[in-house]
Each structure stands twice: as C-alpha cells, then as structure tokens.
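With these hints in hand, go ahead and build the complete structure from the sequences.
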Amino acid sequence: MNRILLITVFFMFLVFTHGGISQVAETQPAPITTSPEKTEPIPPEPAPPTIQGPVVAYRIDAQLFPAQRSLTATEILVWQNSSSQPVDRLQFHLYYNAFRNLQSTFMQEGEYHKMSKKTTSLMNFGEIKIKEIGFKGGSDLTNNIRYIAPDDGNTNDRTVMEVQLPTPVEPGKSVELKIAFTLSIPQIFARTGVQKDYFLMGQWFPKIGVLQNDGQWNCHQFHNLSEFFSDFGNYQVTLTIPGNFIVGASGVRIKMEKNADNTITYTFAEKNIHDFAWTAYPSFSIYTRDVRFPDSRDPVTIELLLPASKTDYKTEYLNATEFTLQYFAKTLFPYPYRKLTLVCPPTFGNHSSGMEYPTLITLSNYGRIYDLINFSTKTVFHEMAHQYWYGIIGTDESREAWLDEGITSYFEMELADRYFNDSQFHMSGILFKTDDWEFRRYAYLNLLPIDAPQKYSWDFMDSHQYFSNVYSKAALLFRSLEGLLGESRMSGFFKYFAVKYKFKHPTSDDFIETFNAYMNEDFSWAFDKYIRSESKLNHAVYKVESIPVASNPNRYRNEAIFTRTEGYFPVDISITLENGKELKIFWKENERWKKYAFEDSSPIKYAIIDPQNKIPLDTNFLDNSKARKPKTTGLKRKALSFGFLIQNIFAFLGF
Amino acid sequence: MNGALAFLVGFEFKNIKPALYAWFFNVLFSIGIYLTVYILFTNAAGSSVLAADASTHIGMFTFLDDIFSNYPGSFPFVVFAIVFFTFLYFLFSIFASGGIIAALLENEKTTFPTLIASSGEHFFNMLKVFLFNAVILIASLMVPFGIYTASSVLNYSSDGGLFPTILFYTAATLAALIFVISTLIYDYMRIFKIKNERSLYETIKQAFSFIFSNKWNILVLLVMYFISMLILYLGFGLIRNGIENLLNVILLFIIYQGFMITRYFLKVVIIRAEIFLIEKKEVNP
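Residue numbers (our numbering), protein chains in the order written: chain H, 1 to 655; chain S, 1 to 285.
Just to be clear, a hint being listed does not mean it is correct.
Said to hold, decoys possible - Cβ-to-Cβ under 7 Å is the rule here; a few derived chain H residues that face chain S: (1) Pro307; (2) Tyr366; (3) Thr434; (4) Leu445; (5) Leu447; (6) Lys605; (7) Asn620; (8) Phe621; (9) Ala627; (10) Ala639; (11) Phe650; (12) Phe652; (13) Gly654; (14) Phe655.
To be verified - If you want a taste of the chain S side facing chain H, the calculated C-beta under 8 Å gives, among others: (15) Ile33; (16) Ala45; (17) Ser47; (18) Ile67; (19) Thr110; (20) Phe112; (21) Gly161; (22) Leu252; (23) Met260; (24) Lys267.
Quick caveat, the hints were computed from the structure, so don't treat them as lab data. Computed from a predicted model, the values in this text were never measured in an experiment. Ideal placement from N, C-alpha and C gives every residue a C-beta, glycine not left out.
Spelled out as structure tokens, the structure:
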C-alpha cells in the first residue's frame, strides 16, 4: 500500500511538474503575432539612433578680398540626422542676410529703419549669397532653396534657408553637401563685419540648424536680441588672405602657406566645437602665453591680438585670462582645447566687442574711463565664463538665454570677487566702492516685472528688459541660492552639472532637474518664481515691540513681525535683545508674514531679516531691519559726508 | 619776489572776518542740501539698523540705489534741491564778493554789518562782471572743446596714435590755462570795478593789462596758492578716514567747517595779495 501510494505520488509529481514546466514555457512572451484583423506587423518603438561621430563636420575654403569687402568660399558639410525621425528638408542659418537691408527682422527689431535718411544712406549693408548647393558628387539642390521666416513671417527676412531634399535622410544616416557662397561683408552693425581694414567674421558661413529628436528644426531667424545655437562638430577652415593681415581664428593653426600673389593661406582646425569665427587686421600685435596647470597636463596657449590703442593692456588681459583658466580648471574641469584666441578690436571696430565664440573671444575697447569699474577685465571674465557654458556645455542662447547668460554673469561675479582684492570703483573720499554684484542688482532693481527670464530672446519687451532679466536677475538668483545653500554646495553643483552635460546641450528642464537631484530637495519654486515668472522679492521687518509684562515689569513681552510683500525665499532672521542675546531663526515657510512673540527679561533692541545680505534678489535692503529705538547717527554721517562734498563743489565754483 | 611777499601779506588776522563771511553763505546753502538728503535718508531707512551704524553692510552705491529705486520721485527731488540751492549759493556768493573785496581794498578791520552793506552797494556791478566773465569763459572753452572733439573723433577712427594724443593733451592744457587766466581776470575785474568804478570795457582792459605786465609775480602767487591748497587737501585727506567713523557727528561737522573756513581764508589771502600787487605797482610804476 505504501509503495503504491509512493509511486502514485511520484507519478503525479512527474505529471504536474512536467506540466508546470510546460505551463511556464507557454507563458514566456510569445513572438509578436498579428491579430486576425491586421495584415501588417506592428513596428517596434524606434530606438534612438546611435550617433557615430559628430553631428556636423565642416570643411570651408574661403578667400577674403579686403578691398572689395567680399569673400568667396566653398563649404563641405557632413551632417548626421541625430533625431529619431526621417527628415526631408534641411534648414540653415544665413545670418549675414540680417544686414542685407533695413527690412530684415534684425534691422526692424533694432529700429534701424527709424534712423534718419542721412544715417541710413551711409550704412554699408552686406549679405550672403548661395551660388550653389548640392550633394557632393551628386544632385544639385540650388533650385530647391526657399527662404522662410518661422518666427515672424517676415518675407523680407532671408536669415533662414530651407532646402528640400529629394529623399528623406533616415535617422542615424549622414549626408554630405557642397555649398558655394559669397559674402558681401557689411559694416559691423553687431559683432560681425568690417570697419576700415578690421574684419571680425562671426556667423559668416551657412550654418545648419539643430534638428531636435522629434524631427522639428530649431532654426530661428536672426533677431536683434538673440544669440546663437548649433550642434557640436569638427571644423577645418582654410582662409586665404593678403599677407599684410594678421589673422586669428577659432581652433589651432595647422598650416600656413605663402602664395605667389602675396596672399597667405591659413588652415585652422578644431574638434568638438559648434561655431567658427576669425579676424584679420594688419595692425594687430600678437602676444602669447602658455598657461600651465598644477597637474602637468598639456598647457593651453593664449594668443592675444591687440590693436595699437590697447597694447598697454596686454599684461592685464593675459593675467586675467590665466586666472580664469586656473579657476575653472579647479572648479569645473580643465579647458579641453589647446589654444584660446583673444581679440581686442580697434576703437572703430568696437561693435564687435564683448562676444564669445568657441576658443575665441572678443574683448572691449571702450574709453578708458570705463576702467574705473574695471570693465576691460570684467569683459575677460564674462567671455571666458561663456567659453564653458556656451562653448562646452552648449545651452541654447536663443531660446533659453538665461541659462547661458545668467550662469555666465554669476561666474563673472565670482571671478571678480576673487580677482579684485578690494572692491572696484574706488575713488577714495569722493565716490563709492562698488562690487560687481551691486551693478547687476542695479539693473535688476530697474527692470519692470513684465518679462520672465525664460523666454525666447526676441519676445522681451526691449533690450533693457532682456539684458536685466537674462543677465542680472538670473545671476542674482544663483547668488541668492548660494547665500541659502552655501558656496561649497553651489560650487559642487555647478561642477557636477558641467561635467555631466559637457557637449550635450542641456535645457532649462535638465538644469532644474539636476539641481533638485543634486541638492536632494525640490527647488523648483525658485526657478518657477524667478526664472519662469516675472516675480521679484521683498522681505522686510514690519514691526518690533517690547511691552513690560503687567504682572512683572522686569519681564517684557517681545514681538517682531516679518513680512514678504513680494516673492518667496527662505531666509535667516535675527532678533537681538538689549542684553546682547541674539535669537537666530530660519524662516522657511512660504508665508506672507510671520510673528515671533516671546517673553524675556530684556526688551528687543533690533530685528534683522537676512542679516548678511545673502539674498541680493531682495529689492529693498533698507527695510530689512528695524530698531525699537532707532538712532540715526549713521545716516547723519552719510548725509554730512554728502553735504561736505557739496560744500567743496560750492567753494570751487563760487567766490 | 613781490608775488611771494604779496601772498604772505594776506595772512593777517583781520582777514579772517571776510573769510567767515564767505564761508557763512557756503554753509547756509549746503545745510539746505544736507537737510534734504538727511530727510530723504531717514524716511527711507530711519528706523533700520543702517541708521545707527557708522559703517554698514551695504555700500553707498547700493544704499542710494535702494532709495532711488524704491522711493519714486526721490531722485528728481534731490536733483531739484541741489540745483535750487546751488543757484541761490551762486547769487549770494556774487553778493558777498563785493563786500569782501571792498573790505580788502580798504585794508582795515571790518565788521559784518559793514560787509553786508558793502555787498549790497556793489552787488549789481559784481553781477555784471560775473555774467560778462561767464560768457567769455564759455566762449573761450569752445576752443579746447573743439580740439578735444577732434582728438576723440581721430582717436576713434585711427585707433589711437600720436596725433590724437597730442591733440588731447593740447586741449587739456589749453582748458587749464583758460580757467586760470579767466579766474585771474575775474578777480582783477572785480577789484578794478570796485576800486575805479569804470565801465566794463575799461575794467577788462585794465585787468588784462595788469595781469600781463605783472605775469611773473602773479605766477609766483598762483603757485604758492596752489601749493597751500594741495597741502590743505592732502593733509585733511590723511586724517579724514581716521576721524569719520570715530567722532561725534557735531564734532565731525565742526572739523569739516574748520576745513572750509581755512579754504576760504586762503581765497581771501590770494585776493588781498592781488590787491597788494596793484598797490605796489601804483607806488612803483
């Protein structure tokens, strides 16, 4: 009996386990089959394309004719469809067409058309003409060109060219195009062009737009307030220029050949950049310096091109640039390129000043009076910060200018604080010591709360709103976050973000998401309030009061009320009693007002909100404190000092 | 030699009263501006700890920026007050100058009532001389201004270079010379107007003639005046930073006024010296 039972159980075990295995086998995901109603297989979700190599590779051969203010060139462009969609048309920037006439979007937005006839009749316009475009060794696409105005529909604007392709380019595939073009080089209206014999050539070649992953083109017209955005790639540019010109360019010079007609052909190349600019001027003086780093990696060579009016600035420029390279090597990552070119325009070329290009920056040549506020040196800091944020991280300067300019301006302030031992703008006894952040705050205080920093550059009401929002307000937000979180955490975050998004074109969403993740706390409110909306901030001490307690006159019922009439920012509060005791509180809650009431043997002497002025987004520092029994000695001194200045002026002018 | 002697002659005790008289109008109208600014500051920050602190967490730039940004109308108000009190000061300075120069011409001990009466007596003459000199000064400054403009345009279009630099320094030197000569002419016109009571035309001829026939003595006089002013300003500059945050406000005000009285005294000294040179010339033509 037991043996039968055992065999039965064993047999049943075999049946069931074998069946179970079958069952398991049968529940494995079956190959996709069609339902009886469909005749076509359902395609799987397309995988994101694997990008082999750079998105773009440019090879440009150009010859400059200075006397004619013209240039002819041939461009070979290899472009890869890095999106997940096939694309049947290509869009290019033709920035030089912004200077074609007064009807372009750039000119209209800049109100050049409102200038006097005499002024406009003296303007030297320019343009870029596409002679031919086609597949290299293949079909001609010149007749497939049309000009579009995706932003404002201005049919007179030719800064975006669209080329219809005979067959779509599939995701991950490349095309090789040959483009022959000529430039008629305009005067320098903004950043690029020619003045006398000084050429600064930025945005000078047909530059393909950025194809987003969804197959839509990010290729905007050239607006008066917008800057630039393009894909990372490799560049090799050959320039043939008369031999008397001194030439500087992005990248490294890999070849230089003298020609029989007294021209020189220079070849420059660089990898992993997203633009290429160059300059030519017979009267540059060249100064170089190799910047070496503590870890003995390859040095970075600075090549400084100075006009006659600024040769005495060479040491200052080289020192400031070296300082910046060393600072960023420590706080972000080492500069990844071998050469950096600094170009100071001559006085008449100053409309090309203060601009960033990959591995090339233009300095400023305004009057020397501006160096009372160290303007020349601060321009170095600003443009060098752009080398990282615009040049290497590669944010979109046209759609999200705040992300580039705001971070750059923040780092400009950090560099200025460290480089200048004493505050700038110091004229002892007469005028005021002023730090860089105070100038930024001045711009912020004077901006109308009608534009949010995060908008397309051309959507701001005017240039003042644009600059004050995108540069100053954004930078002050970072400074305020630094005040809240500490310099070390902010510094750690920027390093983390920069390393993570090197060469990756992060967006505002990427930035905010990374910030929240790094800080391990949700700071979206900060960006929602101060970047995505027009808000400003004002917190204040509303009232301080100390009343003796009726039952015990040696004790006081103390009360301090703090308000937020605008905005929100967690902030330190300090209440100091007459006996010297200090209460420190951190007001984190998002409330419009807060009352602190307590009893103590000592009455309140004063209360301060943000005692260290760590939150420069606050629009009024003057209401940040209240004394129970105010003394006005300090104000009397300030007024007396001012009055004494007036007396001296009177004495000079009168009797 | 006469220039140096003339300068030293002016350092007489009796010349303090005219200096005090000139200083009085300066402090009177400066107080107007001081009070305007003080009222503005206290309205904006009177109950804050900034009001009490001698040195604050925020610099003057941000302090003023916050006032003018957060209190609309405050900036035009301050500008208006400065312009208004400056205009009044100019008028009273012209008024006072007549009495002071008349007293220095008499070279006797004077009283405040005499100074006031004398100022009233000579006011319209002094006003005429002032307006005349103001017009001549502005017209003369057009020359260096033109040269400076040319240097700016050339500097811009040629990116620096030697010629625009030469032009710039020429303009600066010319402007400085014009200021100095204009001040001298103004002083001597006032002196000769009160002394001789002739027409404006005769007075300016007299002033020009005297200045250029005594140029070396006047030059010595000017150098000594300039050096004494330099010593005064540098010396005060050295102690100023040390005292500003330490002293009681009233004491600070007194020290500032001590400086201003000394400054005006030096001006009285130089006018007395200019008169001395005239007297010396009259005795030894």
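Hints, verified against the model:
no., hint, in the structure
1, Pro307, "holds (5 Å)"
2, Tyr366, "violated (11 Å)"
3, Thr434, "holds (4 Å)"
4, Leu445, "holds (4 Å)"
5, Leu447, "violated (10 Å)"
6, Lys605, "violated (9 Å)"
7, Asn620, "holds (5 Å)"
8, Phe621, "holds (5 Å)"
9, Ala627, "holds (6 Å)"
10, Ala639, "holds (4 Å)"
11, Phe650, "holds (5 Å)"
12, Phe652, "violated (9 Å)"
13, Gly654, "holds (3 Å)"
14, Phe655, "holds (5 Å)"
15, Ile33, "holds (5 Å)"
16, Ala45, "holds (4 Å)"
17, Ser47, "holds (4 Å)"
18, Ile67, "holds (7 Å)"
19, Thr110, "violated (16 Å)"
20, Phe112, "violated (16 Å)"
21, Gly161, "holds (7 Å)"
22, Leu252, "holds (6 Å)"
23, Met260, "holds (6 Å)"
24, Lys267, "holds (6 Å)"
The structure fails to meet hints 2, 5, 6, 12, 19, 20 from the earlier list, while all remaining hints are met.
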